[in-house]
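**Student:** Position chain B relative to chain A; hints supplied.
Protein chains in written order, with this note's numbering: chain A, 1 to 412; chain B, 1 to 693.
Read the hints as simulated data drawn from the structure, not as lab findings. Heads up, some of the hints might be wrong.
[As the list claims (entries may be wrong)] Straight-line C-alpha distance at most 25 Å; calculated DMTMM-like pairs for lysine to aspartate or glutamate:
(1) A:383 <-> B:19
(2) B:332 <-> A:179
(3) B:357 <-> A:62
(4) A:250 <-> A:179
(5) B:285 <-> B:19
(6) A:226 <-> B:355
(7) B:332 <-> A:215
(8) A:226 <-> B:387
(9) A:226 <-> B:531
(10) B:171 <-> B:198
(11) A:289 <-> B:35
(12) B:332 <-> A:233
(13) A:391 <-> A:328
(14) A:226 <-> B:330
(15) A:383 <-> A:328
(16) B:79 <-> B:35
(17) A:226 <-> B:35
(18) A:226 <-> B:361
(19) A:289 <-> B:401
(20) B:285 <-> B:527
(21) A:226 <-> B:364
[What the hints assert, rightly or not] Computed beta-carbon distance windows for the label pairs:
(22) A:105 <-> B:343: 56 to 64 Å
(23) A:86 <-> B:124: 32 to 40 Å
(24) A:211 <-> B:58: 27 to 35 Å
(25) B:388 <-> A:211: 30 to 38 Å
(26) B:427 <-> A:86: 46 to 54 Å
(27) A:65 <-> B:251: 55 to 63 Å
(28) B:402 <-> A:303: 49 to 57 Å
(29) B:58 <-> A:86: 44 to 52 Å
[To be verified] Non-contacting residues of chain A with respect to chain B, defined by C-beta distances greater than 10 Å in every case (computed):
(30) 8
(31) 18
(32) 42
(33) 50
(34) 65
(35) 105
(36) 106
(37) 132
(38) 137
(39) 143
(40) 150
Note that beta-carbon positions come from the ideal geometry of N, C-alpha and C, so glycine has one too.
The residues making up each chain are set out below.
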Amino acid sequence: MSEPLVIVDGVRTPFCKAGSQLAGLPADELGRIAVDALLTRTGFDPGLVDEVIFGCVCQPVEAANVARVIALRAGLPHGVPAVTVHRNCASGFEAVTTAAERLQSRHGQVFIVGGTESMSQVPLLYPETAARKFAALARARDLPAKLAALSAFRPADFKPRIALKLGLTDPVSGLNMGETAEVLAREFKISRQRQDEFALRSHERAIDARARLAEEICPVYLPGGKAGHAVLEDNGPRADESMEMLARLKPVFDRRNGSVTAGNCSQITDGAVALLVMGESRAAALGLKPLGRLAGWAYTGCDPARMGLGPVSAIRKLEQATGRGPGEVDLIEINEAFAAQVLAVLQSLGDVPQERLNVNGGAIALGHPVGATGARLTLAALKELRRGGGKWAIVSACVGGGQGSALLLEQL
Amino acid sequence: MESIHSEVLENDARLLTFDRPESAANIFDAATLLELNEKLDEVEQGAAGVIFISAKPAIFIAGADLHALETLGGDELRKFIELGQDVFSRIAALRLPTVAAIHGACVGGGYELCLACQWRIATADRATKIGLPETQLGILPAWGGSTRLPRLIGVPGALDIILGGKTLPAKAALRRGMIDDIAPRELLLEASLKWMREGKPRRRRLQAIDRVTAAVAAPLARRRMEAKTRGLYPALPKALDAVALGAMESVADSLRRERESVLELAATPECRNLIGVFQLQERAKKLRVPGAGKPAAIRHAAVIGAGVMGSAIAQWLSARGLRVLMRDIDAKQVAAGMSRITALYASAVKNRIMDRKESRDGMDRVSPAATETPLTGLDLVIEAAVEKMDLKKKIFSRLDETAPAATILATNTSALSITELGAAVGRPDRVVGIHFFNPVHRMPLVEVIMGEQTSADTAAAAVRFVQGIGKMPVLVRDSPGFLVNRILLPYMVEAAELFARGAEAAEVDAAMLDFGMPMGPLRLTDEVGMDVAEDVATTLAAGFPYHMHVPAVLGRMLDDGLLGKKSGRGFYIHGKGKTVPNPDAARYRDPGAQVRPDRAAMQRRMVLLMVNEAARCIEEDVVAEPADADFGMIMGAGFAPFRGGPLRYADTLGAAAVTAALREEAARSGSQFAPCQLLEEMSQTNRKFYANS
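Chain A on its own, in the form it takes in the complex (with noise of 0.2 Å):
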């Protein structure tokens, strides 16, 4: 077995609902903001990291491989190179995997590996008739052609098409992300009301777990006014959360027969995390002590339209290659994408205890930035592990488009 990647420390930005607190932020300055507290929280040395992979959905287009940018911004040497890397969902667990793929062939052993994700900041996009229409009114030399290329546009080409909804539709299956967790719901046979009571179960944890979680969020500083302002927590946990409020939510993705609703899905979110990571023998030379050394991980593929079973097939796989189940392990983390998918997840795993699942909260309280999710899990049951005692975690993701992805974590 070649040598095991092992995650030092990691801090994240709070995780804000689109349009409020950090909508202003741009993912490479979340990115930078994040990779910025990693080091000075550690103390770490940039001239030693090998390299920066991060993970990011929508990535700025004014910062293209967002990894480079952030990497440059936060101060890193100019000869470290980065990688912005892109599995949905998974994209946070995919800058991780890398690293140790990264690892074992050799080609480095220190990385700030992370993800980013602005979702208030996707843009908006004329459609493509208005494009060619645009580049022909630049083409127009004189003012006659000028009028005559005004002249061509009408209403429709100023219909924007809003970015971020068809960034969570599917183009193979057709299928929105939600209307993918309304085929589970149907087909496993998940009621509104199940739904709702997990929707409110993670809000209830993830309120327990604020003072906990306030040890891995980094403060965000905004300018304004005389005294500026931190943004100091996730703003998407709600401690008046209720059933009687999530029943008032009307179904979003299928309005007459749904049963998936805004609250009982997860939040659209901005923020960033930074995870230091390396290789277990160059962490000791350098005296340092890691929070957990990533044991195992799986990719699966699965039906598009049935995204959120994703993880059943990445947790199997990764039990056949590790000998861990969910039974075997101390923490499980499913992203909570959808309460309806989870619960679907968990009917068809059987074995998972829930008490050991989602202990501090998920997606559906915390917000879901697509692009950093796979990190937060990853760093979370780490924090979690050391604070409880247990040795082994699994944190796992369904992937828009159709695949899974699971990670084993061993506690050091």
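**Tutor:** Positioned in the frame of chain A, the structure of chain B alone reads:
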């Protein structure tokens, strides 16, 4: 040895390269001008065009030889001025294209050469600075600059540059028409050749337009100038006339006007003192600490305290390329500091000091910390927390435990003892004072204060650090108030007492504005804050009880919440844009106060106190030399620069006169005016502070 090399390029173009031997700079002394004249002889024999360029890495031509200006008198100086004018006029009259290829500092006489050329091409490098700063030295551009610049860019533009003594980066110079094009360094010569071959001769600005603009712009500029300078800077009205009146005369007459003006101005003490200030600045830039080895570079610093000073220091350092960790006790304090830094950067972008990208890059270099963090990799920590000794000691002893061995531990304290702080740590040799002035982005002076145990190496690293961030250091021995606050305090206290005894605040301040201070002492007290002023006065009164005291009026005003600018009211009322004397302040006067001395008497008292205290700083070795005290007061307190500083001013009066005047005031008002020992001795032996006074 040659200073100018001549080369023939393709198609008979002539390249004249300035490369002064054994010097980092090119300057115009008489020899260089004569050499240039000779080279022009060759050029007139059939060159297709001429390009002037420099071989120095960061300097085109840095102006006229200041040494000549200082030492030549009367006729010799006249000849020197005429020489420059004649040679440049010859270039202007050449019947072939002439191009100045500018990279690096191109100021004063260096830019006047460029003005005589047909075209000016420059690089947009950081080192490239273009302008006419002569008025800052108490003279005016007299080698054709005052004549040719208005004819190139118009009277209002020329007035702005010449009266302001401005030097600009290339992009700004291009915008104003001072240069014609910008080229990358590697292509400067090529670009210049292109302009030489293809440049179309420009139409001269019409004299008629200039007459009109001169008629309108000049009186406005004159009024503004007089309001600002109160007639204390003779170079400015002369420069104004040279530009505005010269624009309406023939070139020959205008040049004659320049010549006569500069000869008058060069003889003034203002000019001599301003050149002295310039030399003090150069001295500060090269300051070295005796007994120190080669100082380590500071690349990564931390500032403890995100308050007004801490955040301003962090912003300045980050703008200069350092990574800065800014730490405070909680997120609220850090947030306020980050907000202040954002505002400072926004303001810099607004004032075109930097662009958006530079501002963002600077902000990226600030790492906020609301909890304790490792200090690995830090070369320097600057503590800028609250002015309380026990808190500072706690911070320092914690730093002593956690910071790497080589890290320098500095404090920005304005009043507390460096020595005492040093005693609180295991390694006092690495403790030093690095004292910035408020506002950090405008005040160039930084006091580097050595405690009793501070090592020479630590002080040297601090001095080098200050120089590296574009500030000017003065080395000070640890004593209450250090240098600048020590000298300012008795002056500000006296101002408060004059007010307390019945004088009007505006009159007290006017007395010192008339002297040449940039701001009156009571206005300054308001700006600094009544609370801060009282704090400093208390510290100094404790340190020097025989001649310093805390004026009661300050306490009275503080008790009623009159803090000065920060609370909106003090001696003045600070409104949006307008500041007026506070009529309400009258009731804080001493009972029965009705003494109203005239301005001259008040000015005399306040100035004498500064002089006396500055002399004490020499007597007590607070600074090594009179030049240090004068430099500190000019750059840190704005002491009338054209007077050369309090000790240079004392020399102009003579120690005997100063001592006698102090004794008079002492007899009238008490021992705080008693002349110090040094002044007494100097008056008896007829000594001066400066050998060349």
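**Student:** Hint compliance check: list the failing hint numbers for this structure, sorted ascending.
**Tutor:** When the structure is compared with the hints, numbers 1, 2, 11, 17, 20, 22, 24 and 32 turn out to be violated.
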